[in-house]
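Let the sequences and hints guide you as you build the complete structure.
If you read the protein sequences in the order shown, they are chains A and B.
Letter 43 of the first sequence, counting from 1, is numbered 43 in the numbering used here, and no numbers are missing.
Letter 220 of the second sequence, counting from 1, is numbered 220 in the numbering used here, and no numbers are missing.
Hints listed in this document are in silico derivations from the structure and should not be mistaken for laboratory results.
It cannot be assumed that every hint is accurate.
What the hints assert, rightly or not - Dumping the calculated DSSO-like pairs for lysine-lysine here, alpha-carbon to alpha-carbon at most 27 Å:
1. 244/B with 373/B
2. 149/A with 373/B
3. 124/A with 134/B
4. 87/A with 288/B
5. 315/B with 149/A
6. 124/A with 288/B
7. 373/B with 273/B
8. 134/B with 127/A
9. 333/B with 127/A
10. 124/A with 244/B
11. 127/A with 373/B
12. 288/B with 273/B
13. 140/A with 127/A
14. 127/A with 87/A
15. 273/B with 87/A
16. 149/A with 273/B
17. 373/B with 134/B
18. 35/A with 273/B
Unchecked claim - Derived coverage of chain B by chain A (criterion: at least 3 residues anywhere in the stretch with Cβ under 8 Å from a Cβ of chain A; other residues may be distant):
19. 272–279
20. 287–297
To be verified - Quick partial rundown of chain A residues pointing at chain B, CB under 7 Å, derived from the structure:
21. 90
22. 93
23. 94
24. 98
25. 102
26. 106
27. 108
28. 117
29. 121
30. 152
31. 154
All C-beta atoms, glycine included, are put in the ideal place defined by N, C-alpha and C.
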Amino acid sequence: MSDAAQRVTAPEVSDEVAIQIIGMHKWYGQFHVLKDINLTVRRGERIVVCGPSGSGKSTMIRCINRLEEHQQGQIIVDDIELTGNLKNIDAIRREVGMCFQHFNLFPHLTVLENCTLAPIWVRKVPKAEADEIAMEFLNKVRIPEQANKYPGQLSGGQQQRVAIARSLCMNPRIMLFDEPTSALDPEMIAEVLEVMVNLAETGMTMICVTHEMGFARKVANRVIFMDGGEIIEQNEPEEFFNNPQSERTQQFLSQILAH
Amino acid sequence: MTDVTPSNAPGQHYPPGQHPDLPPPPGTVGFVGWLKTNLFSSIPNSILTILALYLLYSAIPPIFFWAFIDADFEGASRTDCASAGACWALIDVRFNQFLYGFYPPDELWRVYATALVLILAVLPVLFDNIPFRKLLFINTALLPITGFFLLSGTGSGQDALLQTVETPQWGGLLLTMVIGVTGIVASLPIGVALALGRRSNMPIVRAMCVTFIEFVRGVPLITILFMSSVMVPLFLPEGVNFDKLLRCLIGVSLFSAAYMAEVIRGGLQAIPKGQYEAAAAMGLGFWKMMYFIILPQALRIVIPGIVNTFIGLFKDTSLVLIIGLFDLLGIAKTVVTDANWIGLIHESYAFVAVIYWVFCFGMSRYSIWLEAKLHTGHKR
Numbered sequence: 001m002s003d004a005a006q007r008v009t010a011p012e013v014s015d016e017v018a019i020q021i022i023g024m025h026k027w028y029g030q031f032h033v034l035k036d037i038n039l040t041v042r043r044g045e046r047i048v049v050c051g052p053s054g055s056g057k058s059t060m061i062r063c064i065n066r067l068e069e070h071q072q073g074q075i076i077v078d079d080i081e082l083t084g085n086l087k088n089i090d091a092i093r094r095e096v097g098m099c100f101q102h103f104n105l106f107p108h109l110t111v112l113e114n115c116t117l118a119p120i121w122v123r124k125v126p127k128a129e130a131d132e133i134a135m136e137f138l139n140k141v142r143i144p145e146q147a148n149k150y151p152g153q154l155s156g157g158q159q160q161r162v163a164i165a166r167s168l169c170m171n172p173r174i175m176l177f178d179e180p181t182s183a184l185d186p187e188m189i190a191e192v193l194e195v196m197v198n199l200a201e202t203g204m205t206m207i208c209v210t211h212e213m214g215f216a217r218k219v220a221n222r223v224i225f226m227d228g229g230e231i232i233e234q235n236e237p238e239e240f241f242n243n244p245q246s247e248r249t250q251q252f253l254s255q256i257l258a259h
Numbered sequence: 001m002t003d004v005t006p007s008n009a010p011g012q013h014y015p016p017g018q019h020p021d022l023p024p025p026p027g028t029v030g031f032v033g034w035l036k037t038n039l040f041s042s043i044p045n046s047i048l049t050i051l052a053l054y055l056l057y058s059a060i061p062p063i064f065f066w067a068f069i070d071a072d073f074e075g076a077s078r079t080d081c082a083s084a085g086a087c088w089a090l091i092d093v094r095f096n097q098f099l100y101g102f103y104p105p106d107e108l109w110r111v112y113a114t115a116l117v118l119i120l121a122v123l124p125v126l127f128d129n130i131p132f133r134k135l136l137f138i139n140t141a142l143l144p145i146t147g148f149f150l151l152s153g154t155g156s157g158q159d160a161l162l163q164t165v166e167t168p169q170w171g172g173l174l175l176t177m178v179i180g181v182t183g184i185v186a187s188l189p190i191g192v193a194l195a196l197g198r199r200s201n202m203p204i205v206r207a208m209c210v211t212f213i214e215f216v217r218g219v220p221l222i223t224i225l226f227m228s229s230v231m232v233p234l235f236l237p238e239g240v241n242f243d244k245l246l247r248c249l250i251g252v253s254l255f256s257a258a259y260m261a262e263v264i265r266g267g268l269q270a271i272p273k274g275q276y277e278a279a280a281a282m283g284l285g286f287w288k289m290m291y292f293i294i295l296p297q298a299l300r301i302v303i304p305g306i307v308n309t310f311i312g313l314f315k316d317t318s319l320v321l322i323i324g325l326f327d328l329l330g331i332a333k334t335v336v337t338d339a340n341w342i343g344l345i346h347e348s349y350a351f352v353a354v355i356y357w358v359f360c361f362g363m364s365r366y367s368i369w370l371e372a373k374l375h376t377g378h379k380r
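In structure tokens, the structure reads:
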């Protein structure tokens, strides 16, 4: 667990800003879910977000591609500000890939069709080319032989790897992961994390909501701890795990690392 | 009940790994086993089985004798039917009327041509592996136009290509099919639009769809047919004549669209939120999301409900009798008022029932086949 020497070798983080969140607040009705979120993500940076359930971590990353609407503050992705403007939302969604806890593959389409649908109909890639790109990414997640099966015929780990390949087929500049391994058993977690590590090595900008602390140590440039809708602490993984500043973080880490 | 044999006697033990494959106990498999588990599993069930057999015995042979053995198949009037069974001569003599109503006999080829066009139009919709599917789809798209001109003609007079046949002359199965097919074809897209509208975030669109659905579902079909045939002409300026059949078609289509909308809304509600989110996250807009992701899944879930509505609609077409259109059932009712055939209600209605049943059963089997075909191994 503490083997920090196994860090991935990834390209340097650039100075270019990929995502900027400034003073963002969100409410569900009267309930204040996100409070004054400020976060800057640089291109190539890999961020792990952790925290107890209900702390707002999923909601925060879902705001980045507008699956959730924020009521106050600014979110700027790739120099485009997220507002009610549908054009901006579409532009941002084309650049931001997302993987979900429950994979959310389209059950009525084959694995290959899942991967080519958006490239063909959103990016207007010719079908033959889209098929080729899809097979390339299915190769990278090591399930090319499943291309013509339906998602219902695959294991959870395979489905999540297809979901990752599906997002990558859109050639995104940023990837969001919303607890990608929480619905999987340990063997499958390993195969999905491996794919995510490989992705990190390519220099992809990633924000991962996860409780896989081994992954955080290995991959993250920064770990963010959230509680009660606020960012409590953020630091480099080594510092974060060995020398947590706030009492709440210490308490959380002692619980999660006790297992 | 099971016989004890040496091979399955309790206490028969083998060393681990040495246990041979034994035959199942006698009387648990095969025909005898089936009888035991399904028909004679207990004393009350055995009594019910015997009772049911007796009922079948007392009902089926008389019907069979009436319909086939003792029946008369030829004759010119009721008096030619001397035997005790059914007098099918009525159907024989009035066959064309049952099928086409009062359509001019010289022009019947047009009905046959329309039937052929209809069959060719339906094939590519029902099956995705038939040859020339794309070509046939052109025919399908043109069906409303070809069907209209073939059946109602292009004009009257010497030089008209197809003589006009007024809609009051249409009848029988022809009319039933015209109303049924139009209703089915129109109600599905209108129903989808209403269902999407009812789930829309736009308050005015939603309010309009809810109002329409609740109003139309709240009144009987007969009311709508009456309104379309009696009230609409009152509001039209004098001299403007709006075909009665056309009004009836619009009424039936909108009526079943309201039901269809609710069936489809049920399917839309069964789609998990994650599907919408995944599609949105990939940049698919509303219409593409609906077309590629949501509707294919939602419609597949509600195939039984959709076909149920279609079958209901097909049979509800018989209500047009009320506004003076003679569909299949209307003809059945009319032919037995003929002095030559008076009183032959059973034969007339039995014949019509069989025709309705064939169509409805066909739709039912198709829906079962389609469900099995679209099953991709996913369970929710």
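Going through the hints against the structure:
1. Straight-line distance between C-alpha atoms of residue 244/B and residue 373/B comes to about 41 Å, which puts the hinted pair past the 27 Å bound.
2. A threshold of 27 Å between alpha carbons decides the hint, and for residue 149/A with residue 373/B the separation of about 15 Å falls inside it, so the pair holds.
3. A distance of roughly 23 Å separates the Cα atoms of residue 124/A and residue 134/B; the hinted pair therefore holds under the 27 Å criterion.
4. Among the hinted pairs, residue 87/A with residue 288/B is consistent with the structure: their alpha-carbon atoms are about 15 Å apart, no more than 27 Å.
5. At most 27 Å may separate the alpha-carbon atoms for a hinted pair to count; residue 315/B and residue 149/A exceed this at roughly 41 Å.
6. At most 27 Å may separate the alpha-carbon atoms for a hinted pair to count; residue 124/A and residue 288/B meet this at roughly 13 Å.
7. For the hint linking residue 373/B to residue 273/B, the alpha-carbon distance of about 25 Å falls within 27 Å, and the restraint holds.
8. For a cut-off of 27 Å, the pair hint linking residue 134/B to residue 127/A stands: about 19 Å separates their Cα positions.
9. Restraint check: the Cα-Cα separation between residue 333/B and residue 127/A comes to about 58 Å, which exceeds 27 Å; the hinted pair is violated.
10. For a cut-off of 27 Å, the pair hint linking residue 124/A to residue 244/B is broken: about 48 Å separates their Cα positions.
11. The straight-line distance between the Cα atoms of residue 127/A and residue 373/B is roughly 25 Å, inside the 27 Å bound, and the hint therefore holds.
12. Pair hint residue 288/B plus residue 273/B holds up; C-alpha atoms about 16 Å apart against a cutoff of 27 Å.
13. Proximity of residue 140/A to residue 127/A is assessed by CA-CA distance (about 20 Å); at most 27 Å being required, the pair is judged to hold.
14. Distance check on the hinted pair: residue 127/A and residue 87/A sit about 25 Å apart at the alpha-carbon level, within 27 Å; holds.
15. A C-alpha spacing of about 23 Å is found between residue 273/B and residue 87/A, which places the hinted pair at or below 27 Å, so the restraint holds.
16. The suggested pairing of residue 149/A with residue 273/B holds, with an alpha-carbon distance near 23 Å, which does not exceed 27 Å.
17. With a C-alpha separation of about 21 Å, the suggested pair residue 373/B and residue 134/B falls inside the 27 Å cut-off, and the hint holds.
18. With a C-alpha separation of about 25 Å, the suggested pair residue 35/A and residue 273/B falls inside the 27 Å cut-off, and the hint holds.
19. Given a C-beta distance limit of less than 8 Å, the hint that chain A covers the segment 272–279 of chain B holds, as 6 residues qualify and 3 suffice.
20. Under a criterion of three residues with beta carbons nearer than 8 Å to beta carbons of chain A, the stated coverage of the segment 287–297 of chain B is upheld, 5 such residues being counted.
21. At about 6 Å, the closest approach between the beta carbon of residue 90/A and any beta carbon in chain B falls short of 7 Å, and the interface hint on this residue holds.
22. With a cut of 7 Å, the hint placing residue 93/A at the interface with chain B holds, because the nearest CB-to-CB distance is about 4 Å.
23. The beta carbon of residue 94/A comes within 4 Å of a beta carbon in chain B, closer than 7 Å, and the hint placing it at the interface holds.
24. The interface hint given for residue 98/A is met, as the beta carbon of that residue sits about 4 Å from the closest beta carbon of chain B, less than 7 Å.
25. At about 6 Å, the closest approach between the beta carbon of residue 102/A and any beta carbon in chain B falls short of 7 Å, and the interface hint on this residue holds.
26. Checking residue 106/A against chain B by beta carbon gives a least distance of about 6 Å; that is within 7 Å, so the hint holds.
27. Because the smallest distance between the Cβ of residue 108/A and any Cβ of chain B comes to about 5 Å, under 7 Å, the interface hint for this residue holds.
28. For residue 117/A, the suggested interface contact is upheld, since its CB lies about 6 Å from the closest CB of chain B, less than 7 Å.
29. Contact between residue 121/A and chain B, as hinted, is supported at the beta carbon level, the nearest pair being about 5 Å apart and thus within 7 Å.
30. Checking residue 152/A against chain B by beta carbon gives a least distance of about 3 Å; that is within 7 Å, so the hint holds.
31. Hint status for residue 154/A relative to chain B: violated, with the closest Cβ pair at about 10 Å, above 7 Å.
In summary, the structure is inconsistent with hints 1, 5, 9, 10, 31 from the numbered list given earlier, while agreeing with the others.
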